[in-house]
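Asks: Sequence:
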Amino acid sequence: MPRPVNPYARAYADFRRNTEHHELHVLHDDGLYRHLRVQGPGTRMWS
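Using my numbering, the letters of the sequence shown correspond one by one to residues 1 to 47.
Don't take each hint at face value.
Between beta-carbon pairs, the in silico distance windows are [as the list claims (entries may be wrong)]: (1) R10 - G31: 27 to 37 Å; (2) Y12 - L32: 40 to 50 Å; (3) V5 - H35: 32 to 42 Å; (4) D30 - R3: 25 to 35 Å; (5) R37 - Y12: 18 to 28 Å; (6) G42 - V5: 34 to 44 Å.
Derived from the structure by calculation, the hints contain no laboratory data. Cβ atoms here follow ideal geometry from the backbone N, Cα and C, with glycine treated the same way.
Construct the complete structure from the given sequences, taking the supplied hints into account.
Replies: Below, the structure written as structure tokens:
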């Protein structure tokens, strides 16, 4: 039986390609509350 097609595979591949060089910064970590920033290096744009 063939594996079912993942309906999110293309979106995931696009996300991985678009954020390949991005960095994750933890701005605040207080138990359950976390403030994270995902940003391309050398840019002021965030995702």
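Asks: If a hint holds in the structure, say so; if it doesn't, say that too.
Replies: To see whether the hints hold, each was checked on the structure:
1. At about 36 Å, the CB distance of R10 to G31 agrees with the hint of 27 to 37 Å.
2. About 26 Å separates the C-beta atoms of Y12 and L32, a value inconsistent with the hinted range of 40 to 50 Å.
3. Separation of V5 from H35 is about 36 Å and conforms to the stated range, judged on CB atoms against 32 to 42 Å.
4. At about 41 Å, the beta-carbon gap between D30 and R3 misses the expected band of 25 to 35 Å.
5. Between R37 and Y12 the beta carbons are some 21 Å apart, a value that agrees with the proposed interval 18 to 28 Å.
6. Restraint check, G42 to V5: a C-beta distance of roughly 37 Å satisfies the suggested window 34 to 44 Å.
Hints 2 and 4 from the earlier list are contradicted by this structure; the remaining hints agree with it.
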